[in-house]
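K.L.:
With the hints as constraints, model all of the structure from the sequences given.
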Amino acid sequence: MISYKQAIKKLKKGCILVKSESISSKDSLYRICSENIYSKYNYPAANNTAFDGFAINSKETKNATSKKKIKLKILKTIAAGDNPFIKKIPKNSCVEVMTGAIINKPFDTILPYEKSEIIRNKKNNYLIIGKKITKFNNLRFKGSDYKKGQLILKKGELIKPSNILVLKTLGIKNIKVKKKIKIIFFATGNEITNKKIIPNWKVRNSNGAYIKSFSKVLPLEIEEKSILKDKDEKKFIKELNKNIKNNTDIIITIGAVSAGKYDYVPSIIKKFNRNNYFKGAKIRPGKPILFSKLNTKTAFFGLPGNPVSTAACFRFFVLPFIFFSVGYSGNTPIKAKLKNNFKKKKSFTRFIKGKLTTTNIGHLEFEVLKGQESFKIKPLAKSNAWGKFGDDQVRFKKGDLI
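Position one of the sequence shown corresponds to residue 1 (the numbering used here), numbered consecutively onward.
To be clear, the hints were calculated from the coordinates, so they are not data collected in a lab.
Source: prediction; values computed, not measured.
Be a bit skeptical, because a hint or two may be false.
[Stated by the list, open to error] Simulated crosslink set (EDC-like; lysine to aspartate or glutamate; CA at most 20 Å straight-line): (1) Lys176 with Asp400; (2) Lys59 with Glu96; (3) Lys195 with Asp230; (4) Lys216 with Glu157; (5) Lys337 with Asp400; (6) Lys122 with Asp145.
[What the hints assert, rightly or not] Computed Cβ-Cβ distance ranges for the label pairs, DEER-style: (7) Ile197 with Lys397: 46 to 54 Å; (8) Glu233 with Thr359: 12 to 20 Å; (9) Ser329 with Lys115: 44 to 52 Å; (10) Thr65 with Lys26: 34 to 42 Å.
Glycine included, every Cβ here is placed at the ideal spot set by N, Cα and C.
P.N.:
What follows is the structure in structure tokens.
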């Protein structure tokens with residue numbers, strides 16, 4: 001067995017090459033950006049008003065007082081989307097504007113409706129000003145959000161709905177992203193079934209549904225193959241060869257990696273030209289984890305079959321491998337104070353199901369939930385975070401940072 005740190009080094013060294021492709025920005029949700037993207041335009045594209053009201057030239061109000069009011073002729077009304085061009089702008093004039101309307105010189109400030117005094121008659125309408133108005137009130141300035149040439153999306157970022165809004169707003173039609181990683185996986189064991197009604201000696205194939213769910217939020221194409229029975233060695237070898245030939249990126253089995261009579265996966269994987277191979281890691285849950293590069297393009301993971309072991313190994317081995325391969329920059333842990341004491345075996349890394357909460361003064365705290373056995377799924381459902389307890393410590397006290 002190797003340590004978790006050693007395993008991560010092997011995963012990083014053995015990561016696969018994932019090429020890029022150009023796709024429409026509107027279709028890029030949960031893809032990994034493969035180049036820095038810069039704004040081609042200023043946003044807002046021009047100065048515009050943040051309120052409904054009147055655009056005025058602040059200089060023309062410098063002598064206005066409550067006793068000596070000035071009168072500004074209202075030239076026209078400009079709404080958002082209207083062409084703001086006015087051929088001739090006489091002195092002591094203003095423009096009625098709706099929110100979002102473009103503001104051009106000489107107008108440099110906005111007086112909202114609720115602060116305005118208006119005189120309307122049949123020929124002309126006037127805005128009455130009874131005090132000096134400072135410039136730049138209630139304006140959204142050109143480029144105040146994004147400037148032309150500004151970085152808007154970094155290489156290695158996972159694209160979120162908010163990123164798509166920005167890309168479309170700034171007129172970026174196509175972007176380069178990493179291609180989706182193709183994964184196939186097999187559940188193994190005579191006890192595993194996809195039937196709804198089962199006897200108590202059978203187990204529903206929940207691990208398969210768990211792994212497939214990641215394709216909804218990560219750039220993965222995941223295909224579940226038929227369940228491998230306890231004596232399906234020939235079928236497994238045939239499937240391995242076929243998918244290696246098809247350049248499948250990652251092949252995964254769930255179960256059959258321990259030391260039981262029907263745990264045939266390790267002996268078969270040993271027959272291939274292995275690189276960066278390891279069998280067993282000093283972790284819990286998931287100690288029997290197996291990894292190997294079958295060739296330069298295809299990687300293999302053998303995950304243990306207990307539900308929480310599968311979940312932990314997928315999260316802390318398969319996902320880091322995927323993130324290394326696509327250059328994802330966001331897989332970073334956070335630190336929190338421990339809410340209860342915890343003890344573990346020396347030299348083993350423990351992945352613990354728990355609850356991450358925030359105190360009244362904003363400190364993060366992590367609570368170790370009861371029921372950490374790898375067959376218990378209730379604590380996994382109740383948890384909202386994994387706690388990683390490193391191999392350099394045995395006892396963890398309440399208040400320790402993890």
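K.L.:
Mind checking the alpha carbons of lysine 122 and aspartate 145 for me, to see if they're no more than 20 Å apart?
P.N.:
With Cα atoms ~42 Å apart, lysine 122 and aspartate 145 exceed 20 Å; violated.
K.L.:
Holds or violated: lysine 216 and glutamate 157, Cα atoms, limit 20 Å.
P.N.:
Measuring from Cα to Cα gives roughly 17 Å; hence the hint holds.
K.L.:
Mind checking the alpha carbons of lysine 59 and glutamate 96 for me, to see if they're no more than 20 Å apart?
P.N.:
Holds. Lysine 59 to glutamate 96 sits at ~18 Å (cutoff 20 Å).
K.L.:
Could you grab the alpha-carbon distance between lysine 195 and aspartate 230 and see if it respects the 20 Å cut-off?
P.N.:
At roughly 18 Å apart (the allowed maximum being 20 Å), aspartate 230 and lysine 195 satisfy the hint.
K.L.:
In this structure, is the beta-carbon distance linking isoleucine 197 and lysine 397 contained in 46 to 54 Å?
P.N.:
At 48 Å between Cβs, range holds.
K.L.:
Take a quick look at whether lysine 337 and aspartate 400 sit within 20 Å of each other, Cα to Cα.
P.N.:
With Cα atoms ~5 Å apart, lysine 337 and aspartate 400 stay inside 20 Å; holds.
K.L.:
Within 12 to 20 Å: is that where the Cβ-Cβ distance between glutamate 233 and threonine 359 falls?
P.N.:
The hint (12 to 20 Å, Cβ to Cβ) is violated, given that glutamate 233 and threonine 359 are roughly 54 Å apart.
K.L.:
Hint says 44 to 52 Å; check whether the CB-CB distance for serine 329 and lysine 115 agrees.
P.N.:
47 Å Cβ-Cβ, so the 44 to 52 Å window holds.
K.L.:
Given the hint that lysine 176 pairs with aspartate 400, does the C-alpha gap stay at or below 20 Å?
P.N.:
43 Å, violated
K.L.:
Falls inside 34 to 42 Å, the C-beta gap from threonine 65 to lysine 26?
P.N.:
55 Å, violated
Hints 1, 6, 8 and 10 from the list above are not met by this structure, while the remaining hints are.
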